[in-house]
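Q: Using our numbering, the first residue of the sequence shown is number 3, and each one after it goes up by one.
In short, the hints are calculated from the structure, not lab data.
Since we're looking at a predicted model, the values are computed, not measured.
One thing to keep in mind: the hints can contain errors.
[Said to hold, decoys possible] Within a straight-line C-alpha distance of at most 16 Å, the following computed EDC-like cross-link-like pairs (lysine to aspartate or glutamate) qualify: (1) Lys63 with Glu26; (2) Lys159 with Glu8; (3) Lys117 with Glu142; (4) Lys117 with Asp43; (5) Lys52 with Asp126.
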Amino acid sequence: MNPEIEKVLSKFSYGIYLLTCRHEDVNYGMIISWVTQASYDPPLVLASVKRTRRVLPFIEKAKYFSLQVLENTQADLLASFKTPNLEERFAGLSYQVLDTGVPVLTNVLAYVECKLKEIFTPGDHALLVGEIVSGECFKEHGIPLTCKDLGKVYLGKY
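Using the sequences and the hints, build the whole thing.
A: Okay, here's the thing in structure tokens:
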């Protein structure tokens, strides 16, 4: 990528989210930052996941996923989702399993639960289109965690 374009993209603002799913009674989750609302009616979100991420096949099989909004004081939660063992990422965390099987941490700021509608693969990231089937704000006045809080921006290199 052109270094000047990369510099510009590093100025974009991104939230830090957890994307979770459940397949064959195993919870899976990963950190994600490229997320946006894509439609009002029906309510759709778009999440971009690097095609080499090990969680991606489980999202495809599960057909449902959640996007969880972390509070700006919850950066410590990210360590659990960086562990190499996918099946240990929920160890010691408090969560609930929704009717669709999607796990949601109980202490996050908010979440949306989505039915996977489509996956597009125009580049090195898969674009997941999810239709929101439910959601909840656990805290009315919290401030979402962003890349700015972490002092770095994901540009798709790793």
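Q: None of the hints should be skipped; say for each whether it holds.
A: A quick look at each hint next to the structure:
no.: 1; hint: Lys63 with Glu26; verdict: holds, 9 Å
no.: 2; hint: Lys159 with Glu8; verdict: holds, 11 Å
no.: 3; hint: Lys117 with Glu142; verdict: violated, 25 Å
no.: 4; hint: Lys117 with Asp43; verdict: holds, 15 Å
no.: 5; hint: Lys52 with Asp126; verdict: holds, 6 Å
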